[in-house]
Each structure stands twice: as structure tokens, then as C-alpha cells.
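Asks: One letter stands for each residue in the lines below.
Number of protein chains: 4
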Amino acid sequence: MTIITERKETVLKWQEELAGSSPEEVLEWALKIFDTGRIMQSSSLGLEDMVITDMVRRISPDCGVFTLDTGRLFQESYDLLEEARLKWKTPIQVLFPESGAVEALVGEKGPNSFYYSLENRKECCRIRKIEPLKRALSGLDAWICGLRRDQSVTRGTVDLVEWDEAFGLVKINPLAFWSEEQCREYVREHSVPVHALHRKGFPSIGCAPCTRAVRDGEDIRSGRWWWENPESKECGLHKK
Amino acid sequence: MTIITERKETVLKWQEELAGSSPEEVLEWALKIFDTGRIMQSSSLGLEDMVITDMVRRISPDCGVFTLDTGRLFQESYDLLEEARLKWKTPIQVLFPESGAVEALVGEKGPNSFYYSLENRKECCRIRKIEPLKRALSGLDAWICGLRRDQSVTRGTVDLVEWDEAFGLVKINPLAFWSEEQCREYVREHSVPVHALHRKGFPSIGCAPCTRAVRDGEDIRSGRWWWENPESKECGLHKK
Amino acid sequence: MTIITERKETVLKWQEELAGSSPEEVLEWALKIFDTGRIMQSSSLGLEDMVITDMVRRISPDCGVFTLDTGRLFQESYDLLEEARLKWKTPIQVLFPESGAVEALVGEKGPNSFYYSLENRKECCRIRKIEPLKRALSGLDAWICGLRRDQSVTRGTVDLVEWDEAFGLVKINPLAFWSEEQCREYVREHSVPVHALHRKGFPSIGCAPCTRAVRDGEDIRSGRWWWENPESKECGLHKK
Amino acid sequence: MTIITERKETVLKWQEELAGSSPEEVLEWALKIFDTGRIMQSSSLGLEDMVITDMVRRISPDCGVFTLDTGRLFQESYDLLEEARLKWKTPIQVLFPESGAVEALVGEKGPNSFYYSLENRKECCRIRKIEPLKRALSGLDAWICGLRRDQSVTRGTVDLVEWDEAFGLVKINPLAFWSEEQCREYVREHSVPVHALHRKGFPSIGCAPCTRAVRDGEDIRSGRWWWENPESKECGLHKK
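Protein chains in written order, with my numbering: chain A, 356 to 595; chain B, 356 to 595; chain C, 356 to 595; chain D, 356 to 595.
Among these hints, one or two may not hold up.
Copies of the same chain look alike in the list, so a pair counts if it works inside one copy or between any two.
As the list claims (entries may be wrong) - Capping the alpha-carbon separation at 30 Å, the derived lysine-lysine pairs in DSSO-like fashion look like this: (1) K387 - K588; (2) K444 - K477; (3) K442 - K464; (4) K442 - K477; (5) K368 - K444; (6) K444 - K464; (7) K588 - K363; (8) K363 - K464; (9) K363 - K387; (10) K489 - K477.
To be clear, the hints were calculated from the coordinates, so they are not data collected in a lab.
Turn these sequences into a full structure, and let the hints steer you where they fit.
Replies: Next comes the structure, spelled out in C-alpha cells:
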């Protein structure tokens with residue numbers, strides 16, 4: 356049995372142990388079992404991410420938080436990042452794409468290449484999100500994400516703790532079983548800052564050109580890459 | 356007499372020779388006297404820049420055009436860049452800031468540091484605009500810009516051709532003596548694409564967090580870094 | 356118990372299990388338990404490294420090998436690297452220091468700064484070896500090294516498998532209990548190419564300015580940083 | 356007439372004016388006419404380069420000197436660089452190749468690829484010398500080199516001042532008309548440090564794997580890329 360197989364089995368064991376745990380319990384467990392400096396929260400500044408940052412800051416202020424600045428975010432995303440910085444008095448690490456890669460992409464295919472093909476869109480996600488993410492994850496044993504089961508058709512099987520096949524480390528989703536309503540309640544109760552665009556009809560927020568408002572009743576992630584099939588709507592951060 | 360002094364004298368001589376020339380005449384002269392590959396247009400995607408790109412494309416399609424993607428532009432700026440790419444069927448070179456420098460700045464001072472002090476603002480301009488600009492200018496003998504005399508209090512003495520002290524090369528401003536109205540007329544007549552935000556009250560457009568709409572009668576550049584003194588409102592690209 | 360503590364305990368358990376194993380048995384075990392792509396050999400092109408590369412190539416040709424080109428190696432090191440490439444018909448990955456870091460160091464302190472103080476020497480090792488090594492180790496669960504117990508006063512407690520505190524992954528030293536004579540016999544028997552400088556009195560070979568020949572009977576690593584105390588003679592790759 | 360044509364004509368005029376000038380007169384003229392910060396000496400640490408650095412230091416200590424550390428130099432080259440640093444109490448700027456480019460080259464073609472084909476050799480020179488040189492020359496109007504007419508079959512027409520077609524700036528060769536003997540006399544008289552390998556039969560010194568000693572009576576540059584035709588023996592720094 357290889358190390359990875361063993362780790363996957365450990366993760367299955369942990370899934371059983373953590374079954375029914377609250378988000379805070381999951382985080383307390385994770386921040387105890389994974390060593391400081393080898394676990395971080397990855398925040399996309401969404402509702403769920405803000406909930407988790409608040410929980411993490413209460414449980415273990417030493418746990419780092421990073422976010423990916425793709426160079427194409429809404430100004431409202433930067434404003435929220437600033438609010439977070441001021442509230443929690445702790446720097447959120449920002450990863451930015453390599454200039455050479457962006458210059459080559461935009462120079463060759465223009466600044467809006469992602470609208471033309473799924474391949475182009477994934478190339479853009481790779482340069483602006485995945486490569487910087489890899490730098491952030493290097494040296495970590497686990498990362499904490501804000502995935503929830505009822506967010507999207509692509510996320511129905513998300514678990515509290517998973518083996519992340521794509522990046523080769525453990526992934527913790529403390530809110531896997533929470534509803535959007537529970538998240539909203541948490542931020543109200545704890546005065547957690549949230550993205551200004553949520554109020555304007557954007558439930559899930561990514562890059563500005565690839566995100567739009569959705570109508571009531573539409574799938575939460577239907578405003579992301581709205582011109583693509585529902586099945587392809589992941590940027591590569593959360594592959595199955 | 357040093358080489359630079361000599362070049363400055365040559366520039367003064369050129370100023371006399373070019374006095375009264377039309378923008379097209381200035382460009383024809385510049386694209387004949389400066390060798391291919393050693394002169395480029397620097398476009399900020401403003402009204403004047405679009406006018407010049409159209410003129411340049413007619414006179415000498417070989418002349419390169421570059422723009423600075425600071426990572427904080429309006430989506431409308433990217434859309435215009437895409438329109439330009441499709442119209443002129445030629446890539447506009449894009450310069451993007453170094454990831455390490457942006458990560459250090461934002462990690463330390465947050466994403467909106469420029470609002471807190473003039474020093475911070477200039478640091479952000481330096482990392483996102485000046486350093487990439489220097490890469491673009493390296494190896495050039497001249498750059499073509501869209502400065503006009505009546506744009507701002509800081510631009511009243513702009514000339515058709517100047518020695519650029521800050522970057523050490525010749526600067527061509529073919530529209531130095533044109534009015535905004537003349538630019539508008541040109542784009543109407545030649546169906547040149549323009550920035551969508553002009554219609555929404557933004558006469559001068561830079562980074563999203565540092566640009567706002569102005570009221571009728573206000574100075575054209577009053578929407579740039581609106582919280583600063585009028586005298587300090589240059590990003591360093593066009594120092595006197 | 357944290358993950359790292361658990362891993363350390365696993366390593367202790369492995370130490371017991373592997374006690375008395377031959378180098379080949381250790382490697383067979385390691386290449387089975389650690390997943391392809393997550394274990395690599397780190398070669399400094401020394402006698403021990405060449406032995407291990409030969410064993411690794413026989414057991415699992417998929418296992419990658421990397422070496423650190425510090426920019427200050429002996430030409431004989433490059434010649435051996437080339438011989439290895441031709442013999443095993445497989446690329447050895449080469450890591451090279453970041454140009455900016457080397458330019459800053461040499462520009463400020465000159466090219467031979469390491470002779471002036473221990474601090475300088477460690478700074479040079481950090482830029483030319485440790486930083487590139489970190490890039491090589493990112494994403495690995497284990498690395499295979501050529502440490503032997505009787506190489507030096509600093510290596511007397513080396514084990515077949517260890518938890519590498521400095522870099523946070525498992526370290527495999529298949530030759531921990533071999534003598535130099537056993538290594539020499541192996542390369543003779545298997546026609547493994549070895550460093551040309553071994554024949555000229557260099558038992559341990561690093562960067563050219565920091566390595567010299569030793570006299571018979573001197574400690575094997577006494578030719579490395581010969582002006583320093585025996586206790587400080589590690590470059591940071593193999594910290595205790 | 357374009358700017359470059361005009362510059363070439365100016366250079367021809369300068370050639371006439373400088374005819375018969377001593378190296379010091381050429382340097383005095385160059386350091387007066389080209390502005391500080393826009394002219395540098397490029398030193399390969401050869402006999403001629405050391406002569407020029409000494410002259411430059413006497414005439415204008417502000418004039419910068421740079422050298423290219425290819426990552427494959429002789430230790431004796433670094434030792435001379437250190438002697439120079441101590442003697443002239445001024446840093447010599449060092450340019451180092453980009454790690455990514457070296458890693459890709461060596462990873463794919465091995466560390467000694469240059470022996471296999473002229474194309475390979477030029478690729479190696481490009482990565483280790485030409486690209487770093489371009490960074491050094493960016494922003495300069497002139498560079499000072501140590502070329503002499505009788506150095507090689509490829510250098511018979513070298514002049515005191517030339518237009519450098521390859522890199523687009525003026526090239527000053529103050530020693531164009533000096534003999535090797537004159538250089539030797541100068542260093543003796545002024546106690547200028549010289550490369551230790553000159554005494555071992557190396558008249559022209561480049562990268563360690565591409566330089567060898569020559570026999571008495573052989574062409575001075577016959578020890579550089581000795582396996583190639585005499586006509587191809589330039590690395591690209593000094594193209595005609």
C-alpha cells in the first residue's frame with residue numbers, strides 16, 4: 356500500500372469520525388491535527404469563505420489565509436479584502452499570476468479569450484488561478500475550503516474532509532453540510548463582512564468578466580461562466 | 356556637449372520644424388525618422404489613444420502598440436482592448452506587473468493602500484505601471500502618447516515632440532494641440548471604438564479604484580485620484 | 356497528536372522494520388510505498404549518489420533524479436552529469452539559482468564572499484542550494500539522499516529513513532550503514548561512472564571554490580569549507 | 356533619413372575625428388559625450404578589459420562596469436573579479452542567466468550540449484550571455500568593449516567607435532589599434548590585476564568548458580570553441 360493510498364484510507368477514517376461534526380468542531384480538529392504552517396485557508400471571499408475565516412480567527416489566529424488575485428476581480432472583492440484585513444488585523448496572503456504568462460496569453464488571444472472556447476477559459480483559469488494556487492499549496496499538508504454540497508451540481512458529494520487528488524493534499528470543507536441560510540445567519544450574528552455584490556444578486560463571485568447576477572431560483576453557481584454547460588463549471592481549484 | 360544635450364537640442368529643432376503640423380503629419384514624420392521596432396505607441400485606451408492608434412494603423416501598420424494592464428482595470432477597458440484587437444487585426448502588446456512585487460505590496464499594505472497616502476499611491480503606480488512601462492520602453496528611441504495641452508493643469512506645456520527626461524527617449528504627442536471635440540469628431544468620422552465609460556461621465560480612465568465620473572464643467576482629469584491635489588495627479592508615466 | 360508527530364512515529368516504526376536491510380531493499384520499499392512523482396533522488400554527483408542512481412534506475416526507472424547546479428561547480432561535475440545522462444538515457448533534472456538573488460549577492464559582496472564569514476557562506480549556500488532545493492522538494496513526500504554514517508562528524512546518527520525536520524518530508528538514506536569501500540566495490544562491479552576528481556584526492560565534492568583535496572587519513576568531508584570548524588560543515592541540505 | 360541612419364553617420368564622423376587617438380583619449384571623449392548612467396564598460400575579465408577598467412576608473416569612477424557570469428566560468432575568473440572589486444573599491448555589476456532558461460536547456464540537452472552542434476553552442480551562448488547582456492544594455496547609449504583588431508580573424512575591421520547593429524547602440528573599442536604587447540606593458544606599469552590563466556597559456560578566456568590553452572604561434576582566440584571553424588567563433592556579443 357503506497358503512502359497516498361494510506362492517506363486516502365486515513366481520510367476515509369476521518370470522514371467517519373467527523374460525521375455530524377459542526378464546522379467549528381471540524382476546524383478545531385484540523386487545526387490541532389495539522390501543524391501550524393502546514394495548513395491554510397483558501398478564501399475566494401465568498402459568503403462561505405468569510406464564515407470560515409471568522410471561525411479560523413477565533414480558533415487559531417496563527418492559521419494563515421490566502422486568496423487568489425487573478426488580476427480580473429471586481430473592485431468590490433478588493434474592498435472586502437481590505438475590510439477583512441482591518442477587522443482581523445492580520446494580513447491575508449495574496450497570490451498574483453506570473454507577468455510573463457499573462458502577457459503571453461493576452462498578447463496572443465486578447466483579454467477576453469475565455470468567451471471563445473472552453474479550452475481558452477481553462478487556460479486562463481490555469482494561468483490566473485491554478486499556477487498561483489500551486490505556489491500557495493506547496494509545503495502544505497491540508498487546505499481549508501468553503502465548498503458546500505448544495506452549491507452546485509458539481510459539488511453534491513463534497514465531504515468534510517477529502518483527499519485532494521489534483522493537488523495531493525488533504526482538503527477540509529467545514530461547511531460541506533451547511534445551507535446558504537446557515538451561512539447568512541452566522542455572518543449576521545458575528546458581524547462578519549461580506550461581499551457587496553451578494554446584495555446585487557451575485558451568490559457566487561469569481562472574476563468580473565466570468566461572473567454575473569442570477570435570477571431567483573437559479574442555481575447558485577449559474578452566474579459563473581454562464582455560457583458554459585453546468586457540468587464544466589469548475590475552474591480547476593476543486594476538481595473531482 | 357553630451358549626447359543627451361545634443362538630443363534635447365535636436366528635439367528643440369524638431370519642435371520648430373513641426374510647428375503647426377497636423378497629428379497625421381507628426382506621425383508620418385515620426386514613423387519615417389524613427390526606425391521600425393524602435394518606436395511604439397503607448398495606449399491607455401483613452402479617447403486620444405484610440406484616435407492615435409487609428410492614425411498609426413493607417414500610416415504604418417508595423418508600428419507596435421502597447422498598453423499597461425495594471426491588474427485593476429475596469430472590465431470595459433478589457434472590452435475595448437478586445438474591440439481594438441478585432442478591428443485592427445493586430446495584437447496590442449500587454450504589460451503586466453511582476454507577481455512578486457504585487458504580492459508583497461498587497462500582502463503588506465492591503466489591496467487599497469493608495470487611498471491612505473500619496474506615497475502609497477505612487478508606490479502602487481510604480482509597481483503596476485512604471486516598472487512594466489520601463490520594460491516596454493527598453494530598446495525604444497521614441498514613444499507616442501496621447502497627451503493634450505488642455506487635458507489638465509499638469510499638461511499645459513505639452514509639445515508635439517519632447518525629450519522625455521524620466522525615461523530617456525523622445526516622446527511624441529501628436530494631439531498636443533487638439534481639443535477634445537476634435538478627437539470626438541475623428542472617432543465619429545472613422546468609426547473608431549471608444550471606451551464605454553466615456554458615455555457614463557468618465558473623461559479620463561485609469562485603474563478602477565482610482566477613477567470616478569466627473570460632473571459637467573469639471574476638469575477632465577478631476578476624476579483621477581480625486582482625493583489628491585490637482586498638482587500631484589500624474590502616475591509617473593508623464594512626469595515633467 | 357499532530358500529523359507531523361504521527362509521521363515521525365511512522366518513521367520510527369519504519370526504522371525498526373528496515374533495520375538490517377540492504378540499500379536495494381530500502382529503495383525497493385521506498386519506491387513501492389511512496390507514489391511515483393512524489394519521491395525523487397537528490398544527487399550531488401558524489402560516489403554514494405552515483406551508486407544510488409544506478410540502484411534506482413534498476414528498480415524503478417520512473418523515479419526522478421535531480422541535482423543542484425549552483426553555478427560554481429567543477430567542470431568535472433558537469434562531465435559526470437553528462438556521462439550519467441548518456442548511460443541511463445534519462446534526463447537528470449537540474450535546478451539553477453534565481454538570477455536576481457545571485458546578481459544581488461555577487462554585486463554587493465563579490466563572487467567569493469563565502470571566505471569572509473560563516474554567515475556569508477551560509478547566505479551563498481542558501482541562494483545557490485537551499486532555495487533551488489525547496490523548489491525541487493515542493494510536492495514530494497520523500498527524497499533519497501546519499502548520506503553515510505561514517506562520512507563526517509556531523510553524520511554519525513544518520514538513519515535509513517528519517518523525518519526531515521528542515522524541509523518537512525521523509526528522507527531516505529539507503530547507504531546509511533555502508534562504508535566507502537562498499538560503495539567503491541559497487542561502482543566497480545556495475546561500471547557506474549564516478550567523479551573524475553575522486554581520483555585526484557577529493558572524496559567529497561561540492562562547489563569548486565569551497566572544495567579541496569584532502570590528505571590520506573583526513574576526514575572525508577575535511578576538504579569542504581576547509582577554513583571552517585568541523586561542526587559547521589553542512590550547507591543546510593542536511594541539517595540535524 | 357531615419358534616426359539610426361543618422362546615428363550611423365554620426366559614428367562615421369566620430370571615427371574620422373578620433374582617428375589616431377590614444378585609448379585614454381577615446382575614453383575621455385566617450386565619457387564626456389555619453390551621459391553618466393547611459394554608458395558602461397562590458398568586461399569579460401580578459402587582459403584588454405582589465406586595461407580598460409583601470410583607464411575608466413582613472414577618468415571617471417562613476418562609469419559602471421558589468422560582467423557576465425555564465426554559471427560556467429573558471430574559478431580564476433571569480434578570483435580576478437574579487438581582486439578587481441578590492442582594488443577599485445567599487446562593485447562590478449554581475450549579470451546571471453535566468454534559472455528557468457538554464458534549467459530547461461540543461462534538463463533537455465545535458466550540461467555539455469555545446470560540443471554536439473554549432474546550433475546548440477549558440478543556444479547556450481544566447482541563454483547564458485546574450486539574454487543577460489540585453490538586460491545590461493537596456494537603457495544605455497553606448498558600451499565600452501575590449502576588442503582589438505589583431506585578436507582574431509573575425510575582428511580585423513574593428514574600429515574605435517562603431518554602431519552596434521545587433522544591440523542598437525554605440526560601441527566603443529578604445530584598444531582597437533593596440534597590440535597585445537601594449538596591453539601587457541600597461542598592466543605591468545599600472546599594477547593592474549590580470550587573469551591567472553593567462554600565465555598558463557590561455558590568451559582569451561571565456562566559459563571553462565569552451566576555452567583551452569593554445570600553443571605559441573596559434574591565433575589568440577584559437578582556444579575558444581576550438582572544435583569549431585575559425586569563422587564561427589563569436590558568441591554573439593560581438594557580431595558583425
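Asks: Confirm or reject each hint.
Replies: How the hints compare with the structure:
For the homomeric pair K387 and K588, neither the shortest alpha-carbon distance inside one copy (34 Å) nor that between copies (36 Å) is at most 30 Å. In this homomeric assembly, K444 and K477 come within 30 Å of each other (Cα to Cα) only across copies, at 24 Å, whereas the closest approach inside a single copy is 35 Å. When the C-alpha separation of K442 and K464 is checked against a cutoff of 30 Å, the pair qualifies only between copies, where the shortest distance is 14 Å, while the shortest distance within a copy is 40 Å. When the C-alpha separation of K442 and K477 is checked against a cutoff of 30 Å, the pair qualifies only between copies, where the shortest distance is 26 Å, while the shortest distance within a copy is 34 Å.
In this assembly of identical chains, the alpha carbons of K368 and K444 never lie at most 30 Å apart, being 36 Å within a copy and 43 Å across copies at closest. Taking CA atoms no more than 30 Å apart as the test, K444 paired with K464 passes between copies only; the shortest distance there is 11 Å, against 40 Å inside one copy. Taking the shortest Cα distances, K588 and K363 sit within 30 Å of each other inside one copy (26 Å), while across copies they are farther apart (40 Å). For a Cα distance limit of 30 Å, the shortest separation of K363 from K464 qualifies neither inside one copy, at 40 Å, nor across copies, at 38 Å.
In this assembly of identical chains, the alpha carbons of K363 and K387 lie at most 30 Å apart whether taken from the same copy (19 Å) or from different copies (16 Å). In this homomeric assembly, K489 and K477 come within 30 Å of each other (Cα to Cα) both inside a single copy, at 15 Å, and across copies, at 28 Å.
The structure fails hints 1, 5, 8 (numbered hints given earlier, in ascending order).
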